[in-house]
Each structure stands twice: as structure tokens, then as C-alpha cells.
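Visitor: Starting from the known structure of chain A, fit chains B and C onto it as the hints suggest.
Protein chains in written order, with the numbering used here: chain A, 1 to 98; chain B, 1 to 379; chain C, 1 to 339.
Among these hints, one or two may not hold up.
What the hints assert, rightly or not - Simulated coverage check for chain C against chain B, where a stretch passes if three residues somewhere in it have a Cβ under 8 Å from a Cβ of chain B:
#, stretch
1, 48-62
2, 178-190
3, 330-339
None of these hints come from the bench; they were simulated from the model.
For each residue, glycine too, the CB sits at the ideal point set by N, CA and C.
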Amino acid sequence: MCLGVPGKVVSVDGFIAQVDFWGVTRQVRLELCDADVEVGDYVLNHVGYAIRRIPPEEVEETLALYDELLEAAAKGDGVDLLAADMRGELDATGGGGS
Amino acid sequence: MSAPQVDRLQFRDPVRARALLDRLRALTADRVDRPVTLMHVCGTHEQAIARFGLRSVLPPGLDLVMGPGCPVCVTSAAEIDAAVDLTRRGVRVATYGDMIRVPGTTLSLADAQAEGGRVELVYGVDQAVELARAEPETPLVFFATGFETTAVTTAAALLAGPPDNFFVYSAHKYVPPAMEVVAAMPDTRVEGFLAAGHAATITGFDLFEPMARAWGKPIVIMGFEPLDILAALVRAVELVISGTPTVENLFPRCVTGPGNGRALGALWQVFELTRGHWRGIADLDAADLDLRPEFARWDARVRFDLPRQLGDGDDTAACPVCPPQQRCGDILVGNARPDDCPLFGRACTPDSPVGASMVSSEGMCRIWFQYGGRPELGP
Amino acid sequence: MSDDRIKMAHGAGGSLMRDLIGDVFVRGGGDDPDVVGPEAMEDGGAVRVGDRWLVTTADAHVVAPAFFPGGDIGRLAVCGTVNDLAMMGATAPLGLTITVVVEEGYGRDDLRRIQASIDAACAEAGTRVLAGDTKVMGKGEVDGVVLSSAGFGFADRLVRDRGMRAGDRVIITGSIGDHGLAVMSARHDLGLGDQLQSDVAPLNTLVARLMEAVGDDLVGLKDATRGGVSAVLHELADKNGAGVVLDDVALPISDAARAAGELLGVDPLVVANEGKAVVIVRPGAVEAALAALRADPLGRDAAAIGEVIADHAGRVIVDTGFGRRLLAEPRGEPLPRIC
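This is chain A alone, in the form it adopts within the complex:
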């Protein structure tokens, strides 16, 4: 229902920030953002407003959470839910929450 795209703040002037969306820079308004933002912060943009400052550590935590789901499954209910080679692939790509 609502396109939200994360981007990185490159400058802040009052309630107006310039945000880089990995390729294009666009003005984003900050008055609705849940926290004050600084240059280098990541924000979630919806229709030209930042609606969330995304703490980078939360990204790592989200990925770790997904891996936990898989690990719990692998140990869990007596079913081999993860093929061994898949597990290996995950480990090889540093999927354990680096």
C-alpha cells in the first residue's frame, strides 16, 4: 500500500534533507521522522517524507533474526528442514549474522 525506499542522508538543512537512494538524490522532509537525523544516517522515505531513521545495527539484527529462524528449524522439531548443502552455502556466505 505504501512504497517505502531507504536512502542515506547526504545533507540536512532544518527539516529538509538531501537523501541518496543509491543512484539518485532527492529532497526528503524530516518533520515526521521518528528521530533526529544527521548526515550519514539512513532513513525510510515515503512520498518525500522520512518516516523512520533506520539504525544500521537493526539491519544486522534483522538478518540475524532470519538466520535464527533457520537455525531453530534445523535444530528444532526432529525434521531435517535444511538440506546439508544449503547449510554449508549459508555458512560459506557468512550467513550467520556477520
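Guide: Leaving out everything else, chains B and C in the frame of chain A:
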């Protein structure tokens, strides 16, 4: 090691995706005859699921349906008619690209433009305010559609003090009451809900707790990248199978319990809930967002005398443009799939849509027509 | 509503436009082996002259705004015409005609700028304007300026678009979606900065290199203008009764176009390019084709992006790396969306 990066590509890792899919398949292996039915309520979710090809690989033991999650689809035809009428009264009407081609009873705003009406496509409310400022003699009405995520931006623009020739015609809708309606349907097959991550970024997930308890069904907050979606599906299925009607947040990088306080402050300072008509579904209590009386000077409903029109009760089968056999209403509440509708892909196509769900780029019918819920494409 | 009036969507490429052309403009024809006429619905027409083909094409250009990041309507007119000729195999355009229809009150300086662009683009493509016409219409009768162009040139070998079969490979000559997204951003004042630039460029030299490198293994060639790569592939799939599978991960998309696509909810595959061609080659010619393309600055980012399959005739399927989906056939001009 460098500082952590917020890169969406991390959430598009196919190796993790395959692992999550395997987990999903294993969890639902004995539900092929009676699939676990989950409902998401967000067109952007359906878009993401379709765009990444996830429907082609979801296991047969899982039925993922879309509920009333397209604000464009549920905008009432009478309101579109009123917006079209405004253009004939010499008013400029600005709105989002999503809304331009959606037909009212007879015409869309694109048709109004073809007739010579002044219709402006904007990406955000700020652009509409700027357009009004640039031409102070002409009234400009911002036809404001979208759920709470978008409504907060309209609120911010009003709180910033727009010019006197700027007006808001609010067709904003509030999602939680619509979820309640679906959950309360006696014949619903839905066993668990996936809440829309961007709306929940604003509202937080705490407000879902009483719903999960009351309905006895889990609610999982879901993000929009492939891993976000698959992980949320895994967790929701786990909760359904174990009979645990709790709320879990699988989108913690954006969603918190209490939500975005600043945005909620702006929302409720400017808007209040009122009874409104959800196209194809019903009149719903406290599910439309109206401007509060303090903002009447910018309220197009007041300035141009546009009363809120309600249908008569449940019009599931009486969407203004719907012939009786059309199943828009059932599809919008997740009781039917687009290909259950006899008109889907035949009388109703994106070229000549019958229902709004085929017009809107995030309508379930449109997305299915374009991308398909198409297991036959699977590898 | 299905009435008999023409809608904007009829001009946006894709199936509606093909239906309109088939219904109104093209009736019969196609029985003379020495003529390629409009019924073939190719990028241009041709008549055999001796042992060569004289190729011609006609094109009208309306773009709002007329000046956009990376180009303007003048450059667009020349490149569009040159590219249509090149897609038929006529890579040394002998000359062009350009008609200018201009609205009363239009600025002379803007016309000068457009003419300068026409001259510069002609020089790049190694061709010239041989004739032209100017018409002025009343205020409001035309939106600013419209150009109409034609071109002609010889081809030793015509490149047709009906030679594609299962196993053939799909190549794109460079990044996807830049022109359409740049123009959309400028038209709707979306404030996406100047990182988004139109790719408008003449492709005749690039195509000449390609034809020289792969010869008869080149079995399809179309510039991916209105409706983008999606429209072109749907047209090829339809004409050849074959399906196409695209590899999402292999698609060359610039960071700016990718970001704009995400922000605006628009798939770069369905928006116009003005300096890119879809190339279909026999499987053994992929490497030679890519090497030839990449040797030219305009083909630097060329990539193999898909394969022709026997199943799913008329359809284009995207393999996303997670699963598969249909690629939408463009219907009407894409609009930025927020949902």
C-alpha cells in the same frame, strides 16, 4: 570492518531465500489438502511478492491471500466522481499517479484531463502545495488517497501552513478497522495475518496485540524485501501451526511497538476517524480519515461542499461499476482469488477494467493479470 | 469503457497500439517478395533495388518536456530515425527529412537550440537533413513543438524480426530505462537530480560493427523505445510464436535508473530507451556479438540477458533468482506511483 550499511540487496540474498522456502515447504507439507491460509493487507506486499516471482515458488500447503490493502481500490467511486466534477468547476486537482486512471461511476481523472480539466500528477503532497503557491489565483485541491502512512504526510503539509488556495480532499483510509472486518467475517478461512510494514512503521505493532488476542489469530509484521517476506511467512505459519495468537515483529529495522510518535502526533492532530465507504467492501465505522474542524479552511469537503456519501450497508456485490457476477468484493476481502472471478482476464482487463482492483497498479486483479499467481512458471 | 475513440494508451507502444495499426492503418499487402511494407510492422519499410534494399522509415516526435536531461526533441528525432533504419540493416543513412510543427508564440531561441541538436546528431550519425517543412499552428492547437521525420538508406542485408527460434539468445546493447525515467522525472518535476540522463544516441555505427561480427547469426534487432525492452520482447515473442526467459540478475540497469524505478514504482523494463537495441543471435554467436558491441562506447554495457524458449509462446518470463514471473506487457504510459 566498515560501518554497517543499510543495503536492500542484503535482503535479496537468494541462498537465504531458498533456505526459508525449504522451511516453509516442510512446515506446510501436511497441509496440502487444507492449506494454511494467511492474509496480507497491502498492495505493495502483493507487488513485491509478484515482482520477485515468489508466488511461483510458494509451497502448495500455503495459501497467501490479499485483503483490503489497496487504498486506490477501496476509494469510493462517488469520491472520484466528485474530484472529476471539481475539474469542471475550474479547480485544479492534484493527485498521485496511482489514482489518475481509476474510473469513478463513469469517468476517471485521466478522462477529465482529456476533457480539458486541469489534473496534476504529483509524487508527494509538497509538490501539490508548490503548485498551489505558483498559481495563487486558482484553487487547487489535493485529492489525498492512501492509508495512514500517506495520511501523515498530508497532515505534515497542513501543519506547515499551506497557502489559502490549497485544499485537501481527504480520501485517506485507516487500515486496522478493515482488518477487523475481515477477521470478523463468519466464513473467513484466514488463520493468520501479515501486517503491512510501512503502515506499522507509523502505527507501531502494539495496537495489533488486542486484535490478535480477540481473534485468536497471529499477526506478523512483514517487510517488503524477499527475505522479509519469506521470514514473516515462516514465522506466521509456525504460529498458526502451534496455535499461538501473538503479534510478532519481523520488520524490526522499521517497526517498533509504539510506532512513530511524531508522525502519529501529526496524524491525530489533523485527522479524526469517521465512518466511510470502502469501495467493493462496505461502509466501515471509524475507517476513514477526515480533517478535524480546526483545519476546515483547507478542507475541500467544506469549501466545495462535498458531503461524504455512504453506501447502504454491505455492498460487497454492489460496487458501483460491478455487474452482479463480479467478485471484486470477495477478492478485496480475500474470500476469492482473482481467477475465481468470471470476468477476470476476459471482460475485465487492464485495457478495459470493470473493477478498481484491475485498474490500480496495486490492485490484486491487476497484479495477477500482469505477473500471475502462476505456479506453472516455476522451475 | 470500450468506445471507438483513441486513447492515450493507443500511442504508448504495446498491444493496444499494435491492435490499432492492424485495425485501421494496415489492410492486406505483404505478397510482393521485393517489398517490406507496413503490414510487416517492422521498424521501417524496404524495396529491393538491384541487389540491395532501399530502407525507409517515418517517425513523429512528441516529448514533454522538449528539453530533458541528456537530450532534446531535435536529437530524439534524428536518433529515432537513424536507429529505425539501422534496425533494418541500413547503417549508413543517406539522408533525413524533418518537418517542424510549432505552436504560435513558441520561442525562436528554443527552435535554434533544437536545430543545433539536429545538426549535431546528424554529424554523429554521419548523415544530413535533405529537406524540411515548417508549419505554425494556433495557440493551443499543438503543444509547443512537434517534429516529424523520415529517413532512407541502403541495406545489403535486411534484418527482419521473424527469424527467432528456441535456443537463441537475447542481448541488450546497454543499460535499460534511462531515457524514460529521465523524461518522467523531468515531466512531473520529481526532483531526482541530474544523475538520470536520457541515453538518446544514434546506433548505426554500433549496429554496423555487430552485423560485421556476427553476420547471419543476427536474427533479430529492435530499438527498445516506447514500452521499453518489455514491449520489444513481447512483439518478438508474438511474431515468432516463441517465449522468452529473462535473467533478472543479468539486466544492466544504471544505479540512477534502478533507484528512480524503486522510488517511482516503475519497472525500468517497461520504459523507453532511445539509444539501446535488443539483439537476438544464434547461441554460438553470443560471445562475438558481445565483444563487438562492447568495443563501441555505446555498447560498453552490453549484456546477454535471456534466452528464447519454445514454450509460453508470446510471453516473456522473468527469472528473478527467487522464482519466475510474467513480465507485464506495457499498457499505456507508466505513471509514477506511491503505493
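Visitor: Next, verify each hint and record whether it holds.
Guide: How the hints compare with the structure:
1. Beta-carbon proximity to chain B at under 8 Å applies to 0 residues in the stretch 48-62 of chain C; the threshold of 3 is not reached and the given coverage is violated.
2. Using a Cβ-Cβ cut-off of 8 Å, 3 residues of the stretch 178-190 of chain C lie near chain B, which meets the minimum of three, so the contact claim holds.
3. Restraint check on the stretch 330-339 of chain C versus chain B: 7 residues with Cβ-Cβ distances below 8 Å, three needed, restraint holds.
When held up to the earlier numbered hints, the structure conflicts with hint 1 and nothing else.
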